[in-house]
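Residue numbering for the sequence shown follows the numbering used here, starting at 1 and increasing by one per position.
Heads up, some of the hints might be wrong.
[What the hints assert, rightly or not] In silico BS3-like cross-links for lysine-lysine, where the CA-CA straight-line distance does not exceed 25 Å: (1) Lys-43 <-> Lys-12; (2) Lys-43 <-> Lys-7; (3) Lys-12 <-> Lys-36; (4) Lys-7 <-> Lys-28; (5) Lys-12 <-> Lys-28; (6) Lys-7 <-> Lys-36; (7) Lys-43 <-> Lys-28.
None of these hints come from the bench; they were simulated from the model.
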Amino acid sequence: LQIELLKLLLQKSGNYLENVGINSIDNKLQLYELFKIYCNNIKFLSIFGLKEDLNIYL
1 LQIELLKLLL QKSGNYLENV GINSIDNKLQ LYELFKIYCN NIKFLSIFGL KEDLNIYL
């Protein structure tokens, strides 16, 4: 997953997202920060990976 491409996508359409799940091994904290900044209507964010999963209800 390329962070810069996801950032551009979230800048354009992040406010339309409410529930999101992503499978990523790296950069979980950076992904979380992008969703926190660009997705004002997010209710549930799940970031899956090999080590630990990150599930957040907002």
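Right, here's what the structure says about each hint:
Only pairs whose Cα atoms come within 25 Å are accepted, and Lys-43 paired with Lys-12 is accepted, the gap being roughly 18 Å. Using a Cα cut-off of 25 Å, the hinted pair Lys-43 and Lys-7 holds, with the two alpha carbons roughly 19 Å apart. The suggested pairing of Lys-12 with Lys-36 holds, with an alpha-carbon distance near 14 Å, which does not exceed 25 Å. With a CA separation close to 14 Å, the supplied pair Lys-7 and Lys-28 stays within the 25 Å bound.
Restraint check for Lys-12 and Lys-28: satisfied, since their Cα atoms lie roughly 21 Å apart, inside the 25 Å limit. Our distance criterion of 25 Å between C-alpha atoms is met by Lys-7 and Lys-36, whose separation comes to about 11 Å. Distance hint between Lys-43 and Lys-28 is fulfilled; the C-alpha atoms sit about 18 Å from each other, no more than 25 Å.
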